[in-house]
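Protein chains: 2
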Amino acid sequence: MIRIGIYGYGNLGRGVECAVAQNPDMKVVGVFTRRPPEKVKTFGAPVFSADDAIKMKDDIDVMILCGGSATDLPVQTPMLANHFNVVDSFDTHARIPEHYDAVNEVATKSGKTAIISVGWDPGLFSLNRMYAGAVLVDGADYTFWGKGVSQGHSDAIRRVEGVADGKQYTVPVEEALKSVRSGSAPELTTRQKHERICYVVAKEGADKARIEKEIKSMPNYFADYDTTVNFITQEELDRDHSGIPHGGFVIRSGKTGKNLENSHIIEYSLKLDSNPEFTASVIVAYARAAVKLNSSGQIGCKTVLDVPPAYLSPLSPEELRKTLL
Amino acid sequence: MIRIGIYGYGNLGRGVECAVAQNPDMKVVGVFTRRPPEKVKTFGAPVFSADDAIKMKDDIDVMILCGGSATDLPVQTPMLANHFNVVDSFDTHARIPEHYDAVNEVATKSGKTAIISVGWDPGLFSLNRMYAGAVLVDGADYTFWGKGVSQGHSDAIRRVEGVADGKQYTVPVEEALKSVRSGSAPELTTRQKHERICYVVAKEGADKARIEKEIKSMPNYFADYDTTVNFITQEELDRDHSGIPHGGFVIRSGKTGKNLENSHIIEYSLKLDSNPEFTASVIVAYARAAVKLNSSGQIGCKTVLDVPPAYLSPLSPEELRKTLL
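These protein sequence lines map, in sequence, to chains A and B.
Counting in the numbering used here, the first sequence runs from 36 upward without gaps.
Counting in the numbering used here, the second sequence runs from 36 upward without gaps.
Since the hints were made in silico from the structure, they are not lab data.
Computed from a predicted model, the values in this text were never measured in an experiment.
Some hints here could point you the wrong way.
Listed below are the simulated BS3-like cross-link pairs for lysine-lysine, each with C-alpha atoms no more than 27 Å apart in a straight line [as the list claims (entries may be wrong)]:
| # | chain 1 | residue 1 | chain 2 | residue 2 |
| --- | --- | --- | --- | --- |
| 1 | A | LYS213 | B | LYS213 |
| 2 | A | LYS327 | A | LYS62 |
| 3 | B | LYS213 | A | LYS182 |
| 4 | B | LYS213 | B | LYS144 |
| 5 | A | LYS293 | B | LYS182 |
| 6 | A | LYS74 | B | LYS293 |
| 7 | A | LYS327 | B | LYS144 |
| 8 | A | LYS144 | A | LYS327 |
| 9 | A | LYS213 | A | LYS327 |
| 10 | B | LYS90 | B | LYS74 |
| 11 | A | LYS76 | B | LYS293 |
| 12 | A | LYS290 | B | LYS182 |
| 13 | B | LYS290 | A | LYS357 |
| 14 | B | LYS74 | A | LYS306 |
Negatives, chain B to chain A, calculated, CB over 10 Å [stated by the list, open to error]:
| # | residue |
| --- | --- |
| 15 | MET36 |
| 16 | LYS76 |
| 17 | VAL141 |
| 18 | GLY197 |
| 19 | VAL236 |
| 20 | ARG245 |
| 21 | MET253 |
| 22 | PRO254 |
| 23 | THR262 |
| 24 | ILE300 |
| 25 | ALA315 |
| 26 | GLY332 |
Ideal placement from N, C-alpha and C gives every residue a C-beta, glycine not left out.
All chains should be built: construct the whole structure from the sequences, respecting the hints.
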């Protein structure tokens, strides 16, 4: 039985608790929170103060970190890797090398195994970029996200004056997908790849034309995209847009042959009803891998690119060869 | 520079020679053939007798076996794993455990690394079944093949009396793909998943009605499928059906959440102009991995499920983390 700790209990932490329940070889020993423990309601897992985590280190085989990448994980992952095998979902792509170094230093000294940046991007999408690129050497890679809710862009909408609530969907442009799948290896601008669709609840009496203009011209977030702003009521937002769906596509097209005369397309796609629950399911599989890596002496920091696929499964290598190959 | 040997030189061997040319960290040292070497025309690689392979063992880092699964590989892979790191594409799914055991015994003793059953199915498709199944524990797996040429079924057509030549395409049924992608986890019969489309050149004066009936009722090959037989001329067959395209889909749908209320779809697909060249490209990436595994002391028999993804790439772990995660 793999004993799991959950450090942080928001959408992702809840997803981890549910995912562990789907895996008969695991159980959640405790949820660790910085809030008053009595205020955190889980699906059944006992709740402890984050301050008590280290005291419980002998009861936990792997700690799953469910904090945010901006300020939580850069501090928490190295801190906890000193005492636990850990898995996190650090997803600030540009800062992964730096996070890796910080975690690797601690985990190498403590003899623990840390797997960072687990989820679907970074995570399963990274794996697919890796495999496809190694196989089709002469080719081009494309990653599309959506259709899905972007938390960051939804937050940006809600910061606009006069906005009561709002949600933003990132949507891949069908035309771009089609041209990538044709193998023509197009060069695509930001605008050609994704569009942004916003559902906005305006405060009473707010100037909708100004809100729309302000959203559409927001640098980094919306200005480089074709953005659609739909004004709806709070009731409509709650009824039709309360989910957290996401997904996307990793496509590589490449050429082979004496004169590179043959074309190939490798496509990987996800269509997810719940982004945090799916991310949690990926993390839980890698939690199993972290324990196996550690038992076989593979310590320090790892990413999905380092982990032998079979380590994710509860099945034995024999069973996997028999049923999956 | 990774020094590659190619053992057997048909479509796959030619594909391997081309694929190695696309990878600047590798070169082909020699092609080894059971035919008279002077009769084998390569794209430039020197040709030797298969009998001379073992004499050249110090010049070769990894031997890629390009023989068939029925009779060649069960003998050749263990034989050569006694002297070389090897990669093969053994694809008789049901006999993989037995092949693994035979190769593992030899490679463990010789201190070499063997990776068997490399390609796309078994191979990349197996990996996707592995990852998707580990992530979406409560779910169902579907593998569809095609649209593509099946060598075995084409051979079966050509054995029918009165047939001069022929080619068979395996085609996934669009309706079945759609229902799998909906997340409804349907149970599908053989007939519901794939149809078979045959292009047949009849000998002069042959009874086409009898040929069609004989093909459609052939047990194992065609009887369980909706099969279409199209009679065409040899010129048309040569003009329109000389390629070896293939591909397929691995789709897993699964549920997550407290009450399994959320649905997710993971889909992987390949669309290949040349089945042997793509298979060769996968094998060549795993040849690099075989050399890395061996240098780090990981000997014996492996499959794609055992190999850390990063081992396939010529890039360093640092570069991979920076560019792919």
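So, going through the hints one by one against the coordinates:
no. : hint                  : result
1   : A:LYS213 <-> B:LYS213 : holds (18 Å)
2   : A:LYS327 <-> A:LYS62  : holds (16 Å)
3   : B:LYS213 <-> A:LYS182 : holds (18 Å)
4   : B:LYS213 <-> B:LYS144 : violated (49 Å)
5   : A:LYS293 <-> B:LYS182 : holds (24 Å)
6   : A:LYS74 <-> B:LYS293  : holds (20 Å)
7   : A:LYS327 <-> B:LYS144 : holds (25 Å)
8   : A:LYS144 <-> A:LYS327 : holds (19 Å)
9   : A:LYS213 <-> A:LYS327 : violated (41 Å)
10  : B:LYS90 <-> B:LYS74   : holds (21 Å)
11  : A:LYS76 <-> B:LYS293  : holds (14 Å)
12  : A:LYS290 <-> B:LYS182 : holds (19 Å)
13  : B:LYS290 <-> A:LYS357 : holds (25 Å)
14  : B:LYS74 <-> A:LYS306  : violated (52 Å)
15  : MET36                 : holds (16 Å)
16  : LYS76                 : holds (12 Å)
17  : VAL141                : holds (17 Å)
18  : GLY197                : holds (33 Å)
19  : VAL236                : holds (25 Å)
20  : ARG245                : holds (37 Å)
21  : MET253                : holds (28 Å)
22  : PRO254                : holds (26 Å)
23  : THR262                : holds (27 Å)
24  : ILE300                : violated (4 Å)
25  : ALA315                : violated (8 Å)
26  : GLY332                : holds (12 Å)
Hint compliance for this structure: hints 4, 9, 14, 24, 25 are broken, all remaining hints hold.
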